[in-house]
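Visitor: One letter stands for each residue in the lines below.
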Amino acid sequence: MSSKIKILVIDDEAPIRKLIKTSLDNEQLEVIERDSGREGLRAIATENPAVVILDLGLPDIDGVKCIEELRGWSQVPVIVLSARGEEASKIRALDVGANDYVTKPFSMSELHARIRVLLRSAQPRTTSTLPTFDAKSVRINFETREVWKNSVLVHLTPLEYQLLTLLAQNSGRVLTHKFILSQVWGEAYSRQNHYVRVLMKSLRHKLEDDPARPKILITESGVGYRLRGES
Amino acid sequence: MAAGVGKTYAMLSDAFGELQRGTNVAAGYIEPHGRPETEALAQRIPLIPTRTIEYRGISLSELDPDACLAKRPAILLVDELAHSNAPGSRHLKRFQDIEELLSQGISVWTTVNVQHIESLKDIVIQITGVDIQETVPDAFLSRADEIELIDISPDELIRRLEMGKVYAPEKVDVALRNFFQKGNLVALREIVLRHTADTVDAQLRSLRTTEGVKEVWAISPRVLVSVAPNRFAPRLVRAAARLARNLNAPFVVLSVDTPRTRTASEQDRAYMKRSLDLAESLGAEVVQTSGHDIVSEIIRVARETNSTIVMVGKPRRSWWFHFIYGSVVDDLIRRSGDLDVYFIQGTRDEGTVLPVIPRGSQASTRTVLESLAWVGLATLVCFGVYSFFSLSNLIMIYLLAVTWVASRYGKVEATVASVTSVLAFDFCFVPPHWTFAVSDVQYLVTFGVMLVVALLISTLTLRLRAQVQTTAERERRTTMFLHYSKLLASCRSLEEAADVTRETLLKTINMESAVFWPKEDQSPVPLNRSPLLESVGVEEGVVKWVADRKAPAGKGTDTLPGSKGFYLPLGTELNQAPVLGVFPGADSSISSVYDLIEGLSHLLSIALDRIVLENEALEAQVRAQREELRNILLSSVSHDLRTPLTAISGAASMLIAEPGLSARAQQLAQTIAESSGRLTLIVRNVLDLSRLESGSLALNREWHSLEEIIGIALERTESSLGSRKIILHIPQHLPLILVDGLLLEQLFVNLLENISRHTQETATATIQAQHLENQVIVQVSDTGPGLEPGTESQVFDKLVRGHSSQGFGLGLAICKAIALAHGGSIAASNQAQGGACFTLRLPAKDTPPEVDHE
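Read top to bottom, the protein sequences are chains R and U. Numbering-wise (this note's numbering), the first sequence opens with residue 1 and increments by one. Numbering-wise (this note's numbering), the second sequence opens with residue 1 and increments by one.
Wrong hints could be hidden among the right ones.
Label-pair ranges, simulated between beta-carbon atoms [what the hints assert, rightly or not]:
{"#": "1", "chain 1": "R", "residue 1": "R116", "chain 2": "U", "residue 2": "E616", "range": "55 to 61 Å"}
{"#": "2", "chain 1": "U", "residue 1": "P735", "chain 2": "R", "residue 2": "S137", "range": "25 to 31 Å"}
{"#": "3", "chain 1": "R", "residue 1": "H205", "chain 2": "U", "residue 2": "Q768", "range": "14 to 20 Å"}
{"#": "4", "chain 1": "R", "residue 1": "D12", "chain 2": "U", "residue 2": "E616", "range": "41 to 47 Å"}
{"#": "5", "chain 1": "R", "residue 1": "S137", "chain 2": "U", "residue 2": "L679", "range": "35 to 41 Å"}
{"#": "6", "chain 1": "R", "residue 1": "R116", "chain 2": "U", "residue 2": "R701", "range": "50 to 56 Å"}
{"#": "7", "chain 1": "U", "residue 1": "L668", "chain 2": "R", "residue 2": "A188", "range": "34 to 40 Å"}
{"#": "8", "chain 1": "R", "residue 1": "P15", "chain 2": "U", "residue 2": "G834", "range": "45 to 51 Å"}
{"#": "9", "chain 1": "R", "residue 1": "P15", "chain 2": "U", "residue 2": "L633", "range": "19 to 25 Å"}
Hints listed in this document are in silico derivations from the structure and should not be mistaken for laboratory results. All C-beta atoms, glycine included, are put in the ideal place defined by N, C-alpha and C.
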């Protein structure tokens, strides 16, 4: 067995599979292709890939079902491929356990970045043991519960701090409104998406240089938010 | 009050006053009566030309409602309200013409003599002995805003008459001897004074009520009058109306459909219908019920309508009639309890004639002879058995003959048979034989009883036959209705329903018919073909009138009675009613089959409604299927296009990043990437627009922050905007807006992409938002070349391009569709300092929700 990291691509469209394979195959990565949900699930069990790239529009099983089934026995990171205008199925996929998504047509660099984030977080956690977290000009100290922007101490409300740390702990990953609501406010608030929006707005005004064009606290339109740590 | 008092003159001089004050007064019709002063005055008022109608060689001039409607004067003068129009006019009566003018908003001044007021007709006839044909319903008069009484003393009137100011000299003598007797005039004057006083009193009372003056609440009496199908009915209604008016009480007219009334003759039914129409025109509430016992129906309805006074007619009949049939009057008195019962005395011939002669049994010499033959046969039989039977049994044989005759022929034959039986029995069998003389006086009793029994049996037999006949007739109609509704139920188109109706009417009452379907501003179209229609043509005017007014008209009615057909509106839910036209032959009348046609029209209305709704449902279903197909097509196209596009742009972007590529190859790869990017955009726009325009897109409204939405749009357009400077003015305290976030984001993306297409890299874009009352206004402006003048509103149309030849102009069309879907608007303009400016207005009426911060 080679020591290469395996990436499994499940998509019924051969050109897409070929494109991903061409772009990813190198010394460290090996791309395995499957063209249906059934085949894909079997490959996850047998090949033990590090990351799964799953198209939501598969001919045999619905992508969301596929993830649900998968999560019964595996925690392998999943990136979902979906089209614009399919926000609802994206959110469902994320809610049932997908780790991230890219929207077709996507750029290869974007896909690379997502895979990198997932591969890193799959490694034994080193970041969470650190007392501080840095994202561009913002630094969070988890022990003192203090936040600096450009080395200036910023006063955050308890909810703002909670939201920020939630995003920081999942840095680079997209978090749905529903997930954020359940973590910050509690399960009972799962439908009040605007709570997150209002809190995010005030957080941006405190931490972003230009709150209307955020560089750290990124909006994933129709889906949720993501903290972008590195550039 | 009466002819000659100067009504026309008074009206004209008042009108002349108005004319001098500048009011637009016109005369629709003035009856000159050849009086010089009146004519002189009439000439000074503009006259609307009258219509001339030729009738039996005489030309009659009549008020022309259409000409009046065209002229639309503020005040229209129409003399002689009670006038009956010449045959061929639109309405039977002039007051109906006026009614139409009033409903079209024209004020009318008119004149009327007291004897023409419907409820006063009977009294006037009683006083003067002159029958009056032309009447005006009280309900019409009570609508008048103002009544002016033209009063003159009887002596003065007679003087004027004698001076020849009223009639031509040769008529004066006759007039003086008849209508214009002094006694008559005094009585008429009293009536008219009292009537006017009553009217003024009623106006005063309603004024007091509307001004809030509290009156002592007496239990208001209500008058209930029960009418039966006979000549007495209209008179009874008029009497009730008078009583009700004197008591200032409403009145109810009740007609009870009993087994007896069902056998009423056609003429009596016509009386009934006329009296119910009259009741409605006098403002009565009309109640029609059915039941076996007329008295208990009267009492029940009286209780239900809260009537305290019950009026019934008391037709004069002989004691024996009451003895046999009982009297409604006696019964009512016994059972009326706390109701006050009023009786109105009738005359002998006004009651219903009972029993009814079965139809088709007109006595003829032949049938009388036949009935006599039966009696003869009975006599022969009696001779045969005379020696064995007693006399009393012979009577039985005669009775058998009478019953036989009654069961086969009519009333006359039955009576003839009864009488001849008695005579034959006396002549042939009662001693002394062969003479009418009787030896024993007790035989006289025998004859009497025999005659009475014979008459009774024949009457009862005849009534039984009548009932059987009515039952059969009803049965026939029920079967017809049943059959008809079955046929209608299977109709799938309007034309089919019309054909079925025509066939049914042709079969049951032998009349041609057609259903007309009026269309807006078009002539009504007959739904079915009929040989009659092709020869006669469509009577457009009357059909349109019926459709608009939703009231029956044509032959047999008061409106346009000269028409060939009788037209009935079909009470559907539609705006303009379809019309059923029935064309009776020359010798048949509508009134006898009116009930049947009406009942049939109800069934037809329901069927037409159902067919229209069914067709609509079918259409909606087809539309839904088409929509579904379109969506399936769109999503598959979008999927099929997107996959290769993703591969192309992905491969191109990888190629660009490939190290060691020649500059030429690099440039080619760049072109592939850019073009595939643009193609992606076009595909996206086409899909978005078709989704928005199909109306199938449901807005997913949530409370959003405008800042965030614009932020995403800016991020998505970052690469295409390049180095263009973006200035944002979004107030921090702008409220949340209830929008579909993704769509609004797309709107801004399209606006920004539009800027990147039409401006130089050095341009500046400004996004400015503000909250004004119930609106959030966002302006997106740039410092580019601006819009071509005059195209500001066209840029939102599909496939309109700006200066640049790049891209299909779908982006702005999508912006407009999104703004409209949110109940907002978007407009484009050029700024004074140059550059285009797009202004988006979104409603912000709802209050944003409270946010739980802690």
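Visitor: Of the hints given before, which are not true for this structure?
Guide: 6, 7
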